[in-house]
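Visitor: So you can see what is in the structure, the chains are spelled out below.
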Amino acid sequence: MNESKISVRYAKALFSSAVERNLLDAIKKDMDFLLHLLQTQPRLKELLSSPVVKTKEKGTFLDNIFKDQCNRLTVDFLHLLLKNSREVFLLEICLNFQSLYSKLTGIKSAKLVTAVELDTAQLEQFNQLIQSHFGSKAEVMTTVDESLLGGFILKVEDLQLDASVSTQLKKMKRELVSFIKN
Amino acid sequence: MAGLKPAEVSEILKQQLDGFKTIAELEEVGTVLQVGDGIARVYGLSNVQSNEMVEFDSGVMGIVLNLEEDNVGCVLLGPTEKIKEGDSVKRSNRIASIQVGDGLLGRVVNTLGEPVDGKGPISGITYEMPLERKAPSVIYRQPVSEPLQTGIKAIDSMIPIGRGQRELIIGDRQTGKTTIAIDTIINQKEYFKKGEPVYCIYVAIGQKGSTVANIAKTLQEHGAMDYTVIVMSTASDPAALQFYAPFAGAAIGEFFRDCGHAALIVYDDLSKQAVSYREVSLLLRRPPGREAYPGDIFYLHSRLLERSAKINQTLAVAQQMNDIPESIRHLVKGGGSLTALPIIETQDGDVSAYIPTNVISITDGQIFLESHLFNAGIRPAINVGISVSRVGGNAQIKAMKKVAGTLKLSQAEFRELEAFSKFGSDLDAATKSVLEKGSRNVEILKQGSASPMSVDEQIAILYCGTQGLLMEVPKERIKDFEKEYLQLLTSQYPQILQQLSQGILNDEITQTLELAAKKTVQNFVY
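Each protein sequence line maps, in turn, to chains U and E.
Here our numbering is used: position 180 in the first sequence is 180, and no number is missing along the way.
Here our numbering is used: position 484 in the second sequence is 666, and no number is missing along the way.
The set of hints was computed from the structure by calculation and includes no laboratory data.
It cannot be assumed that every hint is accurate.
[As the list claims (entries may be wrong)] Straight-line C-alpha distance at most 20 Å; calculated SDA-like pairs for lysine to any residue:
id	chain 1	residue 1	chain 2	residue 2
1	U	LYS173	E	SER240
2	U	LYS155	E	LYS266
3	U	LYS170	E	LYS196
4	U	LYS171	E	GLU207
5	U	LYS111	U	THR143
6	E	LYS272	U	LEU169
7	E	LYS272	U	GLU157
8	U	LYS155	E	SER228
9	U	LYS5	U	LEU80
10	E	LYS584	E	VAL573
11	E	LYS657	E	PHE706
12	E	LYS580	E	GLY685
Start from the sequences, fold in the hints, and give me the full structure.
Guide: This is the structure:
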């Protein structure tokens, strides 16, 4: 069976009911939060996909975390997923929701990784860079990763601009090694 | 690199650094959602093409096979362990392809065209050839007209193969399938020496490394590696590398074919390739069909074998051929050919299984090998009755056609009578003579491995068999007769053999052959 259809459909359903109830921004925030959790906490994903944990237990667990933090619609949606045993697809659903959101609003989600903390002026420069390069606004999520050594990696949806020192060093190494091998 | 001084190394490194680009480029990327069993599902990469190469963070390459609604499925061409969930994946904007050139000759390479024989990098100019390429369409082809001599008497006489043909070699394990293919490669040495080489490609799919090493050694010993490329993917390689190996071989073959040369490719064997394709397909969650093979397993084999062809002689036509890779456009010449010898292994002689029937229907004939013949000492163990060559007859040289024209039928008749004669002892004279002649022909058609015979000698000895000149020679001494007879011909009548190899067979020649046979027979009559 083609499983990729499942997540697309659930994301669409959530998206349209969010639009109907005028909760789009709130749900978007929830989805970003969920995505962040899923990507940073592998145990959460493990729990959701585990067949050993009973659906009821998963339900109470999700209630405990999200009931106070998230919108009512999000919590209901999570319960719907549990009821239909589709909780495994949560990550894909979040991703699809994001892409639906950016399609509707024209605001793309961008990720910026830098070696050092940026000040507001620099961030503004990046925003301008995105505006001029990608022709649309973007919501920039910044992270600091010292292993880059210098420079930055800017990722706007499917496109990536890798201007980090570590990548250049890696490239250089590969080219020299392949040359010596030949 | 052995003779390089440290100072030179630094100089070269400096040159490399000077040419190094520091400008960051915009790349299309995706994120790994799931990875395992040689498969990765990637989110993003929304513009990626089917069959495109992608690169993972760790440098492992993958090929995109599934384009789904919100993700793409890739097969990995390297170790799965190096890839983690959340890794980024880059598009390469390159359809899966390998670097091909004359430098590949004599080498053992893997599916990606990288040498694995420890003899250093591939030398000379190489050209990029795509793994998947459309076969030449009808107008750029020509009917099969030239013979591809295998050097095996039973094949060249009864199941002749033409250049550009696809002839299946099918049989159980341990029946000599690979031997036939290897002997055919060895026999092409004669053409290599003459300066009209038939370049050979041997593709080993899912075999033991030691088996491939043995084959390489055999070819080396017989001086056949000079015009041969071995493409290998051993049983321990990822499934993707195994099922792409024949495509890599075909890409190499197409390079020679499109440059106007004759080429021969052996796929050993396609049943293993089908199994690895099934593995990948099931992991990619494509729906299984008969014997759990995916629906496009027929297409997998047909599009591969369709790439064997005889290309039109006319240069202007050949140059307009469809889907010529840009890299070799300036080298294209007409008249080239790619002959394929796919191999299929059957289980207990069952040719009606899924993959065997598929490949039988795709190819232009099959050579059927049987284990009971093999065990009875008839080697090559070809079952003449059900082996056919649908187009090769047009390619046989005239002299061979004249001499061996009736051989196949008479041998089939002999097999029938032989089975029948086991019931009774009283046989009439006519039956007896058919049996006597047939059993002598069987002896003539026996041939050791790695001992191919030139076509003129084949015609000379087959003439004796079909004309019944050997009735007085005891069966067990036919081999000795053959040796002496051919020695006599080469020493005393070299011009006869010369004419035979040109396809000439007139009364004068037949008289000489009969004379020589009679002379030799006398040494064997008690």
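Visitor: Would you mind confirming whether the straight-line C-alpha gap from LYS155(U) to SER228(E) stays at or under 20 Å?
Guide: It holds: about 14 Å lies between the C-alpha atoms, which stays within 20 Å.
Visitor: Given the hinted pair LYS657(E) and PHE706(E), is their Cα-Cα distance within 20 Å?
Guide: holds (11 Å)
Visitor: Take a quick look at whether LYS111(U) and THR143(U) sit within 20 Å of each other, Cα to Cα.
Guide: Distance ~8 Å between LYS111(U) and THR143(U) Cα, so the pair holds.
Visitor: Tell me if the straight-line CA distance from LYS155(U) to LYS266(E) falls inside 20 Å.
Guide: holds (19 Å)
Visitor: Holds or violated: are the alpha carbons of LYS272(E) and GLU157(U) at most 20 Å from each other?
Guide: holds (13 Å)
Visitor: CA of LYS580(E) to CA of GLY685(E), is that 20 Å or under?
Guide: Between LYS580(E) and GLY685(E) the Cα gap is close to 5 Å, so the pair holds against 20 Å.
Visitor: Are LYS584(E) and VAL573(E) close enough, with their CA atoms no more than 20 Å apart?
Guide: holds (17 Å)
Visitor: Tell me if the straight-line CA distance from LYS170(U) to LYS196(E) falls inside 20 Å.
Guide: With a Cα-Cα distance of about 17 Å, the restraint between LYS170(U) and LYS196(E) holds, given a limit of 20 Å.
Visitor: Straight-line Cα separation of LYS173(U) and SER240(E) no greater than 20 Å?
Guide: Answer holds: LYS173(U) to SER240(E) is near 13 Å, not above 20 Å.
Visitor: Mind checking the alpha carbons of LYS272(E) and LEU169(U) for me, to see if they're no more than 20 Å apart?
Guide: With a Cα-Cα distance of about 17 Å, the restraint between LYS272(E) and LEU169(U) holds, given a limit of 20 Å.
Visitor: Hint check: LYS171(U) vs GLU207(E), CA-CA at most 20 Å. Holds or violated?
Guide: Holds, at roughly 13 Å.
Visitor: Taken at face value, is the distance from the CA of LEU80(U) to the CA of LYS5(U) at most 20 Å?
Guide: holds (17 Å)
The structure shown violates none of the earlier numbered hints.
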